[in-house]
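Novice: Each chain is listed here by its residues.
2 protein chains.
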Amino acid sequence: MQLFYLPHLNTNSFEFSEEESKHCIRVLRKKKGDAITLIDGKGTEAIGIIESDNPKKCSGLIQQKTLHTKPQGTSIHLVICPTKNTDRIEWMLEKCIELGVDQISFIYCENSERNKINLERCEKIAVSAIKQSKQFYLPQINSIQSYEQFMQQKDSVRTEKYICWCPTAQTETLAKQVAQSKPSSVQVLVGPEGDFTIKEIQLAEKHGYKTCSLGNTILRSETAGLYAVTVLVALNQLNA
Amino acid sequence: MQLFYLPHLNTNSFEFSEEESKHCIRVLRKKKGDAITLIDGKGTEAIGIIESDNPKKCSGLIQQKTLHTKPQGTSIHLVICPTKNTDRIEWMLEKCIELGVDQISFIYCENSERNKINLERCEKIAVSAIKQSKQFYLPQINSIQSYEQFMQQKDSVRTEKYICWCPTAQTETLAKQVAQSKPSSVQVLVGPEGDFTIKEIQLAEKHGYKTCSLGNTILRSETAGLYAVTVLVALNQLNA
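First to last, the sequence lines map onto chains A and B. One point on numbering: in this note's numbering, the residue at position 33 of the first sequence is 33, and numbering is uninterrupted. One point on numbering: in this note's numbering, the residue at position 213 of the second sequence is 1213, and numbering is uninterrupted.
Next comes chain A alone, as it looks inside the complex (with noise of 0.2 Å):
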């Protein structure tokens, strides 16, 4: 099943942008009569009917909604800077947002590579991935911010701030804390290609962050970001 994506799905009618159009004529070869099913990315899912098969500008009108409910366990929230090299980010981000996760925050830190980030095109590989995933809620992706700006930022107070982080053998995995305190909402910092610096980490735990570590083998960036997603979603599945 194909799902057509549009932001506003509060009318009784929908009209696709000229990509989505050429994509759903052109492409996918559908004509005036077809019924499609279209996302909002905020819970809703349509059945929408073809009026005009106009390949530039395709509409029609909305038979039908369903409100679909977030899913239940602990909200992901990962926090991590731009690789240098974009490919790796952009996958990462493909795969976290196929995996579930509730929102991405970019940062850059002292030891970046990177302090840019295309936010538009990174909108457009989440609204690809929640369509090939067939998810109805898009993700929350924040454009980026030096690492002390993020720092100001003020969190739900229920939500369990996590830092990887790893100065000695016997810091507790992330997997471990998060087993153990089953919290509602998780944010996870993963740091850039050459690390925190000790000063980051400091005004981090300032912050209220706990550090933890991934394992015993040493991740490159964008692994240790889809790793921690991972082990979130994991241990949401275990709770489930």
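None of these hints come from the bench; they were simulated from the model. Watch out, some of these pointers could steer you wrong.
As the list claims (entries may be wrong) - Think about it this way: if two alpha-carbon atoms lie no more than 30 Å apart in a straight line, the pair counts; the simulated DSBU-like pairs of lysine-lysine are:
id, chain 1, residue 1, chain 2, residue 2
1, B, K1134, A, K161
2, A, K176, A, K199
3, A, K182, B, K1182
4, A, K134, A, K31
5, A, K176, B, K1031
6, B, K1131, B, K1057
7, B, K1084, B, K1070
8, A, K42, B, K1031
9, B, K1124, B, K1176
10, A, K176, B, K1065
11, A, K161, A, K70
12, B, K1022, A, K134
13, B, K1070, A, K131
14, B, K1199, A, K84
15, B, K1182, A, K210
16, B, K1084, B, K1057
17, A, K182, B, K1176
18, B, K1065, A, K84
19, A, K161, B, K1199
20, A, K182, B, K1210
21, A, K154, A, K176
22, A, K134, B, K1070
23, A, K210, B, K1134
24, B, K1176, B, K1161
25, B, K1065, B, K1031
26, A, K176, B, K1134
27, A, K124, A, K199
28, A, K176, B, K1182
29, A, K134, B, K1161
30, A, K131, B, K1042
31, A, K42, A, K116
32, A, K84, A, K22
33, B, K1124, B, K1065
34, A, K134, A, K182
35, B, K1065, B, K1084
36, A, K70, A, K56
Stated by the list, open to error - Some chain A residues near chain B, calculated using beta-carbon distances under 7 Å:
id, residue
37, I49
38, G100
39, T217
Beta carbons: idealized from backbone N, C-alpha and C, even for Gly.
Given chain A, work out where chain B should sit, using these hints.
Specialist: Frame of chain A, contents of chain B only:
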């Protein structure tokens, strides 16, 4: 710390291939008298002293060897169909190895879009991933065979065997099933982009495989493979 890989470290001297020599001498600018760290992918870590810094044939003497024991926990064997797009399966391979998979086998099924794999290239990726993640054991990578051939293989009776297939929402997740049984060794089968056929599932069940789900979202083949491995790595951490 940069690691150099040599499959045989059972003598008191070492000699690199042309490729590794070039990397050591030209790229990393190591010189005669420099100490380097070598691994054999079978648990040995050795300190070597460069005697000849010839960029085509670097060689030297081994000074000290340490044998690392294998990390404890459930041994992880992923069995997967290569994706049509080689990039996707290659990055999955890299990530699974960074995380600590023990064995990977490739198979082709009725719905497979690819029945070949470049094993030499996979082995290069594997060596590079263990060097990168500072591991001492090289996972075993098996060349591709048909699903039916694979099913004829004999496994250790202690291996728990799972096939990812989700006919109903009631199918238990891999995470939950393995968390309950804590086996010493797990084998997980991930299907091709077109999924396993009913006949293939029945054959697996005849051979003692249990069906398992990977959760509620629909994962691409390579995401499913990586996710299955990650769940098992995370459970190892929880039980450590």
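Novice: Does each hint hold? Answer for all of them.
Specialist: Evaluation of the provided hints:
With a C-alpha separation of about 28 Å, the suggested pair B/K1134 and A/K161 falls inside the 30 Å cut-off, and the hint holds. Restraint check for A/K176 and A/K199: the C-alpha separation of about 26 Å stays at or below 30 Å, so the hint holds. Our distance criterion of 30 Å between C-alpha atoms is met by A/K182 and B/K1182, whose separation comes to about 21 Å. For the hint pairing A/K134 with A/K31, the CA-to-CA distance comes to about 23 Å; that is within 30 Å, so the pair holds.
For the given pair, A/K176 sits about 44 Å from B/K1031 by alpha-carbon distance, which is inconsistent with the 30 Å threshold. With a CA separation close to 20 Å, the supplied pair B/K1131 and B/K1057 stays within the 30 Å bound. Our distance criterion of 30 Å between C-alpha atoms is broken by B/K1084 and B/K1070, whose separation comes to about 34 Å. Of the supplied pair hints, the one linking A/K42 and B/K1031 is violated, its CA atoms being roughly 60 Å apart against a limit of 30 Å.
Distance hint between B/K1124 and B/K1176 is unfulfilled; the C-alpha atoms sit about 34 Å from each other, more than 30 Å. Restraint check for A/K176 and B/K1065: not satisfied, since their Cα atoms lie roughly 33 Å apart, outside the 30 Å limit. Between A/K161 and A/K70 the CA atoms are separated by roughly 22 Å; this keeps the pair inside 30 Å, and the hint holds. Using a Cα cut-off of 30 Å, the hinted pair B/K1022 and A/K134 is violated, with the two alpha carbons roughly 48 Å apart.
Among the hinted pairs, B/K1070 with A/K131 is inconsistent with the structure: their alpha-carbon atoms are about 41 Å apart, more than 30 Å. The straight-line distance between the Cα atoms of B/K1199 and A/K84 is roughly 46 Å, outside the 30 Å bound, and the hint therefore fails. Between the alpha carbons of B/K1182 and A/K210 the distance comes to roughly 28 Å, so the proposed pair stays at or under 30 Å and holds. Pair hint B/K1084 plus B/K1057 does not hold up; C-alpha atoms about 38 Å apart against a cutoff of 30 Å.
Distance restraint check for A/K182 and B/K1176: the Cα-Cα separation of roughly 16 Å lies within the 30 Å cut-off, and the hinted pair is therefore satisfied. At roughly 36 Å between alpha-carbon atoms, B/K1065 and A/K84 are farther apart than 30 Å, so this suggested pair is violated. About 47 Å separates the Cα atoms of A/K161 and B/K1199, which puts this hinted pair outside 30 Å; it is violated. A distance of roughly 28 Å separates the Cα atoms of A/K182 and B/K1210; the hinted pair therefore holds under the 30 Å criterion.
Restraint check for A/K154 and A/K176: satisfied, since their Cα atoms lie roughly 26 Å apart, inside the 30 Å limit. About 39 Å separates the Cα atoms of A/K134 and B/K1070, which puts this hinted pair outside 30 Å; it is violated. Under the criterion of a C-alpha separation no larger than 30 Å, the hint pairing A/K210 with B/K1134 is consistent with the structure, at around 25 Å. For the proposed pair B/K1176 and B/K1161, the alpha carbon gap of about 14 Å is at most 30 Å, so the pair holds.
Restraint check: the Cα-Cα separation between B/K1065 and B/K1031 comes to about 21 Å, which is no more than 30 Å; the hinted pair holds. This hinted pair checks out: A/K176 and B/K1134 have alpha carbons roughly 23 Å apart, not beyond 30 Å. About 35 Å separates the Cα atoms of A/K124 and A/K199, which puts this hinted pair outside 30 Å; it is violated. A threshold of 30 Å between alpha carbons decides the hint, and for A/K176 with B/K1182 the separation of about 16 Å falls inside it, so the pair holds.
Under the criterion of a C-alpha separation no larger than 30 Å, the hint pairing A/K134 with B/K1161 is consistent with the structure, at around 28 Å. Under the criterion of a C-alpha separation no larger than 30 Å, the hint pairing A/K131 with B/K1042 is inconsistent with the structure, at around 43 Å. Distance check on the hinted pair: A/K42 and A/K116 sit about 27 Å apart at the alpha-carbon level, within 30 Å; holds. For the hint linking A/K84 to A/K22, the alpha-carbon distance of about 33 Å lies beyond 30 Å, and the restraint is violated.
Restraint check for B/K1124 and B/K1065: the C-alpha separation of about 24 Å stays at or below 30 Å, so the hint holds. Taken as a hint, the A/K134 and A/K182 pair is honoured in the structure, with Cα atoms around 26 Å apart against an allowance of 30 Å. Between B/K1065 and B/K1084, the direct Cα distance comes to roughly 42 Å. Violation of the 30 Å bound is thereby established for this hinted pair. Taken as a hint, the A/K70 and A/K56 pair is broken in the structure, with Cα atoms around 33 Å apart against an allowance of 30 Å.
Restraint check, A/I49 versus chain B: the minimum CB separation of about 25 Å is more than 7 Å; hint violated. Given hint, A/G100 at the interface with chain B, holds; its Cβ is 5 Å from that chain's nearest Cβ, closer than 7 Å. Of the supplied interface hints, the one on A/T217 holds, with its beta-carbon coming within about 4 Å of a beta-carbon of chain B, less than 7 Å.
Of the numbered hints listed earlier, those contradicted by the structure are 5, 7, 8, 9, 10, 12, 13, 14, 16, 18, 19, 22, 27, 30, 32, 35, 36, 37.
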